[in-house]
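Participant: As given, the protein sequences belong to chains G and P, one line each in that order. If you read the first sequence in the numbering used here, its first letter stands for residue 1, the second for the next number, and so on. If you read the second sequence in the numbering used here, its first letter stands for residue 1, the second for the next number, and so on.
In case anyone wonders, no lab produced these hints; they're calculated from the structure. Quick caveat, the model's predicted, so the values are computed rather than measured. Incorrect hints may appear among the rest.
Which copy? The list can't say, so a pair holds if one copy fits it or any two copies do.
Lysine to aspartate or glutamate pairs mimicking EDC-like chemistry, simulated, CA-CA at most 20 angstroms apart [said to hold, decoys possible]:
#, residue 1, residue 2
1, K25, D234
2, K26, E80
3, K99, D232
4, K191, E221
5, K52, E194
6, K60, E47
7, K24, E243
8, K25, D201
9, K25, E103
10, K99, D131
11, K26, D10
12, K25, E80
13, K52, E68
14, K133, E76
15, K105, E122
There are 2 protein chains.
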Amino acid sequence: MDWRGKPVSDGMLSDLSSRVEQLKKKGILPKLAVLRVGERPEDLAYERGIVKRFSAANAKVEVSAFPEDVSQKTLEEAVEAWNARNDVHGILVFRPLPKHLNEEKLFRILSPEKDVDCMTPENALHVYYGDGKGFFPCTPQAVIEMIDAYGYDVCGKNIAVVGRSKVVGKPLAMMLIARHATVTVCHTRTKNLEEICRRADMIVACAGSARMIGPAHVRPETVLIDVGINADGDGICGDADYERISGIVSVITPVPGGVGSVTTSVLLKHVVESAERSAD
Amino acid sequence: MDWRGKPVSDGMLSDLSSRVEQLKKKGILPKLAVLRVGERPEDLAYERGIVKRFSAANAKVEVSAFPEDVSQKTLEEAVEAWNARNDVHGILVFRPLPKHLNEEKLFRILSPEKDVDCMTPENALHVYYGDGKGFFPCTPQAVIEMIDAYGYDVCGKNIAVVGRSKVVGKPLAMMLIARHATVTVCHTRTKNLEEICRRADMIVACAGSARMIGPAHVRPETVLIDVGINADGDGICGDADYERISGIVSVITPVPGGVGSVTTSVLLKHVVESAERSAD
């Protein structure tokens, strides 16, 4: 069966809309500040998705767009201004930044309380240590929301995480370990990937390589979570070969329409949580 | 065969002694500052081991011992004083600290440049991201020194890390992933531990559970790295059942006499490296 993202996202939106209403009664309007450099099509698409999702819940988005050649100092001043503003509850910086900018240095000044996508070292460490504090990164958290919404318990399950990136593979591995899954981190140097994947109860594909997970990687019991978003002609496709696999496996998340459609709802959830904490 | 720690440690000591000589010519004497609270027997034993190893290389150790009921403020002042002193190149705090003290808060003020056992958030993040910067924690690094000294290449190997602690299991998993091993992190909730271990090329036992790895976990090709140090009557034993396994596996590290005997040499190496950087 397909685990689709829309019902998960809709369920979250319904809950979050009522929490936004509660906050409004206290005079608080949850607001996300977005920092964009340049006009990359994927950033613009993500931005539209965010604006749409936040509007649906009556939450606010403020976008600051800077030219490609913006200075580090200008960005740091923007982040510091947002850190200081009480009406801004979350800050999101579109990544990667152009190469002349120092992303790490920028994230070090970002307030961890407003770091709704785990860009700061403080929140990255919470993920690594699995101490349950701070905000998780949105995409890995979207995987967790899917798993929870469809009632799958990862405790004691063997999970192959295919990919070891800073933004998805590594944090997701740590988040699944914290939930007591037995996690195998696979990557380009993994020798027997098909065998490891076939043995796993769940595969999380987050390598960023179009259709790399095929029929040889799965069995009828496989739960396949596809986090890949790869360009495919005019559209996008996942890291799994959906056409050839969907008839074999127990569960698959389609691309588009799977994990990716939950990410903006996770972002909204984090901003609402941050606003709720500021109200306490 | 047994991979013993002594030849590895001796080899390191020989190299480090000559580096200490070079530093002395520049007027620099590598020095480690040790902070101990109370008189726990294992801390005292570790302290003696450190003093002995450092003396052998003509490097210095300065121990500050505090009573069990020492205040957080006193410890923070001690760390800050060491941070500021040019003649101190490394700082080591014996862990765990008594419960009334805030370890995390203490480590946040420790200078990352002098953090020779990866206690600071900065160095923990370097391990998590695998960016090769900072100092690795000494015990996991001792495993890496053993592997390197015996010429074992982990790239592409399937490694079961049994244990997910902050001080050994997690950092070691990240360090092995950075060296392109395919790592499975196992723990108390892992359901088919025997099977996972049997399939692995290498098992790293770091669960802190006496003799939990037995004949059913291994095969003739297994390389078994035992990081466990458990009380056993008057002596210590590892996480592996050495008596029953050593005749079966390809490689095993004994306890005592294995990984544990390399740890103080790693500590010395980090202090020498820190002193070398200060000389540049």
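Participant: Hints first: check each against the structure and report whether it holds.
Facilitator: Against the structure, the hints:
{"no.": "1", "hint": "K25 / D234", "result": "neither (45 angstroms within a copy, 66 angstroms between copies)"}
{"no.": "2", "hint": "K26 / E80", "result": "neither (26 angstroms within a copy, 44 angstroms between copies)"}
{"no.": "3", "hint": "K99 / D232", "result": "neither (26 angstroms within a copy, 56 angstroms between copies)"}
{"no.": "4", "hint": "K191 / E221", "result": "between (23 angstroms within a copy, 17 angstroms between copies)"}
{"no.": "5", "hint": "K52 / E194", "result": "neither (39 angstroms within a copy, 50 angstroms between copies)"}
{"no.": "6", "hint": "K60 / E47", "result": "within (13 angstroms within a copy, 57 angstroms between copies)"}
{"no.": "7", "hint": "K24 / E243", "result": "neither (46 angstroms within a copy, 68 angstroms between copies)"}
{"no.": "8", "hint": "K25 / D201", "result": "neither (45 angstroms within a copy, 60 angstroms between copies)"}
{"no.": "9", "hint": "K25 / E103", "result": "neither (37 angstroms within a copy, 40 angstroms between copies)"}
{"no.": "10", "hint": "K99 / D131", "result": "between (33 angstroms within a copy, 17 angstroms between copies)"}
{"no.": "11", "hint": "K26 / D10", "result": "neither (25 angstroms within a copy, 67 angstroms between copies)"}
{"no.": "12", "hint": "K25 / E80", "result": "neither (28 angstroms within a copy, 47 angstroms between copies)"}
{"no.": "13", "hint": "K52 / E68", "result": "neither (25 angstroms within a copy, 57 angstroms between copies)"}
{"no.": "14", "hint": "K133 / E76", "result": "neither (25 angstroms within a copy, 24 angstroms between copies)"}
{"no.": "15", "hint": "K105 / E122", "result": "both (13 angstroms within a copy, 13 angstroms between copies)"}
The structure does not agree with the numbered hints 1, 2, 3, 5, 7, 8, 9, 11, 12, 13, 14 stated previously, though it agrees with the rest.
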